[in-house]
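Novice: Take a look at the letters that make up each chain.
2 protein chains.
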Amino acid sequence: MKYLITYDVSEDSRRNKLVKLLNEHGKRVQYSCFEIEIYPQNLELLIFDIKKIINSETDRVYIFPISKGVYQFIKKIGKRLENDDMVL
Amino acid sequence: MKYLITYDVSEDSRRNKLVKLLNEHGKRVQYSCFEIEIYPQNLELLIFDIKKIINSETDRVYIFPISKGVYQFIKKIGKRLENDDMVL
Chain A
0 MKYLITYDVS EDSRRNKLVK LLNEHGKRVQ YSCFEIEIYP QNLELLIFDI KKIINSETDR
60 VYIFPISKGV YQFIKKIGKR LENDDMVL
Chain B
0 MKYLITYDVS EDSRRNKLVK LLNEHGKRVQ YSCFEIEIYP QNLELLIFDI KKIINSETDR
60 VYIFPISKGV YQFIKKIGKR LENDDMVL
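Chains as they are written, first to last, in numbering that gives the first Met the number 0: chain A, 0 to 87; chain B, 0 to 87.
By construction, these hints were calculated from the structure, which means they are not laboratory data.
A portion of the hints provided could be inaccurate.
Given that identical chains are not distinguished, each listed pair holds provided it fits within a single copy or across any two copies.
To be verified - Restricting the straight-line Cα-Cα distance to at most 25 angstroms, the calculated cross-link-like pairs of lysine to any residue (SDA-like) are: (1) 51 / 39; (2) 16 / 47; (3) 26 / 38; (4) 16 / 41; (5) 16 / 52; (6) 67 / 56.
The following block holds chain A by itself, in its conformation from the complex (with noise of 0.2 angstroms):
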């Protein structure tokens, strides 16, 4: 299943961690957003090493599924980051 992974973490470090950990399962599509394809059962261990990345009293991430039959109704509008060959 696709997943759009959107985020908000203030501490560099924290968020180059997620950026890498992110990276190994997606690809970033924008500064604070990720696009991953990832079968259900490995998502809950991604949510498992998300959280023991983040700060939970100041940092925010949120998982949207995207699901196939909406795939066509995505709209990109502007300059695309460059590794955001997504073709719709």
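Based on the hints, put chain B in the right spot on chain A.
Specialist: This is chain B only, laid out in the frame that chain A set:
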């Protein structure tokens, strides 16, 4: 339909205009991320307004549909923004 709007807008005045526009349509759930509920035909008008605000050479605004069937799988980890009272 619910949509997630994420954005990277480098210049403050453009970003403030975009935030003002998006605030008219939904809720800011992260610093560069809004959840909105809008009819598809009105989404086209919103996209038209977004394109008038951003610089498509440097900025990017992505719009992801979130279908009702996956609401229950949305995960919000960490501290929510004050107005993000969405009960999942």
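Novice: Take the hints in turn and mark each one as holding or not.
Specialist: Tested hints:
Only within a single protomer do residue 51 and residue 39 lie at most 25 angstroms apart by alpha-carbon distance; the minimum there is 19 angstroms, versus 39 angstroms between protomers. With identical chains, the CA atoms of residue 16 and residue 47 are at most 25 angstroms apart within one copy only, with a shortest distance of 14 angstroms there and 37 angstroms across copies. Taking the shortest Cα distances, residue 26 and residue 38 sit within 25 angstroms of each other inside one copy (16 angstroms), while across copies they are farther apart (29 angstroms). Proximity of residue 16 to residue 41 under the C-alpha cut-off of 25 angstroms is restricted to the intra-copy arrangement: shortest distance 19 angstroms within a copy versus 39 angstroms between copies.
In the homo-oligomer, the alpha carbons of residue 16 and residue 52 lie at most 25 angstroms apart inside one protomer (7 angstroms), although the nearest pairing across protomers, at 33 angstroms, exceeds that limit. For the identical chains of this complex, residue 67 and residue 56 are neighbours neither inside a copy (33 angstroms) nor across copies (29 angstroms), given an alpha-carbon limit of 25 angstroms.
Of the numbered hints given earlier, the model fails hint 6 alone.
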